[in-house]
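Colleague: Read off the chains here:
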Amino acid sequence: MKTVSITINGERYEETVPARMLLVDFIREKCALTGTHVACTYEGVCGACTVQLDGEAIKSCMMLAVQADGHAVTTVEGLARGAELTPLQQAFKAHHGLQCGFCTPGILMNMSEFLEKNPDPTDEEIRHGLVGNLCRCTGYVHIVDAVRAAAAQIRRGS
Amino acid sequence: MYPAIIEDYQRPESLQEAVAILSGYEPGDAIFMAGGQSVMQAMKSRMVRPRCVVDLQSIAELKGISSANGLHIGAMTRYVEIAGAVELAGANAALRDAAQHVGDRQVRNRGTIGGSCCWNYVASCMPAVTLGLGAIFHLLDPQGKTRAVQADDFFLGPLETARGDHELLTHLSFETTPRSGSAYKKWGLVTDALPVVGVCLKLSLDAAGRCSAVRMSLSGLPAGAQRAPAGEAALMGSDGSRESVARAMEAVVDSVECHSDKWADAHYRQQLIRTLGQEVAATAFARARGEQ
Ligand SMILES: Cc1cc2nc3c(=O)[nH]c(=O)nc-3n(C[C@H](O)[C@H](O)[C@H](O)COP(=O)(O)OP(=O)(O)OC[C@H]3O[C@@H](n4cnc5c(N)ncnc54)[C@H](O)[C@@H]3O)c2cc1C
Ligand code: FES
Ligand code: FES
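Residue numbers (the working numbering), protein chains in the order written: chain A, 1 to 158; chain B, 1001 to 1292.
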C-alpha cells in the first residue's frame, strides 16, 4: 500500500491505495468522481477515461494512481464554474455533440487541451485530434461542429 | 481489468538510483515504467506481472532533445515533443513523421521513444525508424558502465532487444549528415493505427543529386523492424525517378517475407511496400535537396 496525494479539480485527495490501482479507479472509486468513464477495460483505445494530467490529455486507465502522486488532475467535473458551462460544453449542447453522452467527458477533456494548443483548427485537425476517442452514437459530425463553434467562441471571447 | 499485485513502487530521481533498484530484483520482477502505453496493457492482461515498478518520470537527464555535438534524444522524450521538434529536419525528419502519427493525442502525450524501442513490438513505428536512421542506443548498467549499441544490433526480433535485464536505456544518438533526407510512412486499418506496413528511408545525395548512401527499413512484417538491403542496393545511384524507385521496391518485395493475416494478405502488404516506398522516397529526396 502507498499513500498518495493527488490534486483533482483543485482539491487534494490523500489516500492509501494498492500500487496496482489504476488512476481511473482512484478517480471513480476513491474520489467518487464518476464523470470519468471506462469503456474498453485494458487496451486503452476508447478514450472514455481521458482526463488531464498537469493540463495534458491522457487516458487514466493507462496509468497507475501512484504515478499521479504529487500531480494535478482535471476531470470533466472540473470544467464548469458552478452552473456556468465552458464554451466547449455549451457548444456540445447547442450542436448536439452528444447523444447517449458516454464518450462526452473524455472528448471534452481531450478537446479542451487540443483547443489550447490549436485555437483555430481546421476540420481535418479536429478530426485528427479526436482519433483517440470512440463515439458509438453521433458519427462525429456534430462533435466536429461543436468543437469548431467552441473554437470560434473562445477566440471571440479572448 | 487491472494489474496483478504490485509489491513496491519507486520513483528514483537519478540514473544510478534507477538501475540500483532494478538490480535488486531477479530479471523481470522489477520493470521500468516510461509512458506506460505498452506495458500497462501487458500488466492489465497479466502478461507482465512485476513485483516492483520503477517509474522513470522524475529523472530529468532522460528527457529532451539536444542538438549540441550531434543529435541526442533522451529515452523519456515523448512523442508529443518529437512531433513538434522543428530541429528534426533533413536526415532525421522521419522521427517527426512517425511521432506525429502514433496512436492518438493521449498516447502521444505519454508514450516515449525509449519505451517504444525497448518494447520493440512487431508492428510499431519507432523501432523501424531508429533502425532506418542508424541510431545508436546508449545503455547504463548497475555497475555504472555505459555501452553504445548500433540499431542493427539492438533490435533482435519482435519483443527482443540487446538491452540487458538490468540495463537502462538513457538516450539515442543520431547522425546529422548534410544533403540528407529521411521519411517514414505507414498504413494501418484506421487513422494512425499500428502499421500493417511501415516504410522508412534515409538517404544522402552527392553533388550530382544521386543517392550516395541509403538505409531502408520496414515495420509490420513477421520479423518486426528490419532492414531492406535489396532495396538499399537498388537505390544507390538513383536520382529519385519513379522508375528507379519502382525497381528498388520490386527488389524489396522479392526479398522480404510478407505474411497474410486478418488485417491484410501478403499481396496487399507487397503493394503497400511499393506505394509507401514511392511516397517516402519522394519525401526523402525532396528533404535531401533542401526542398522540404
Ligand atoms: C491506443 C494506442 C495506440 C498506439 N498506436 C501506436 C502506433 O501507431 N505506433 C506505434 O509504434 N506504437 C503505438 N502504440 C504503442 C506506443 O507507441 C507505446 O507508447 C510505446 O510502444 C511504449 O512507450 P512507453 O513510453 O509508453 O513505454 P512503456 O510502456 O512504459 O514501456 C515499454 C517497455 O520498455 C521498458 N522501458 C521503457 N523505458 C525504458 C528505458 N529507458 N530503459 C529500459 N527499458 C525501458 C519498460 O520496462 C517496458 O518493458 C500505441 C499504444 C496505444 C495504447
Ligand atoms: S477505458 Fe478505454 S481508453 Fe481508458
Ligand atoms: S454520444 Fe454515445 S458514445 Fe458518443
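Derived from the structure by calculation, the hints contain no laboratory data.
Just to be clear, a hint being listed does not mean it is correct.
[As the list claims (entries may be wrong)] With a cut-off of at most 25 Å between alpha-carbon atoms, the simulated SDA-like pairs for lysine to any residue come out as follows:
(1) K1262/B <-> W1187/B
(2) K117/A <-> A1089/B
(3) K2/A <-> N1069/B
(4) K2/A <-> A1089/B
(5) K2/A <-> E1026/B
(6) K30/A <-> A94/A
Colleague: Next, verify each hint and record whether it holds.
Modeller: Consistency of the hints with the structure:
no., hint, in the structure
1, K1262/B <-> W1187/B, "15 Å, holds"
2, K117/A <-> A1089/B, "22 Å, holds"
3, K2/A <-> N1069/B, "42 Å, violated"
4, K2/A <-> A1089/B, "44 Å, violated"
5, K2/A <-> E1026/B, "23 Å, holds"
6, K30/A <-> A94/A, "33 Å, violated"
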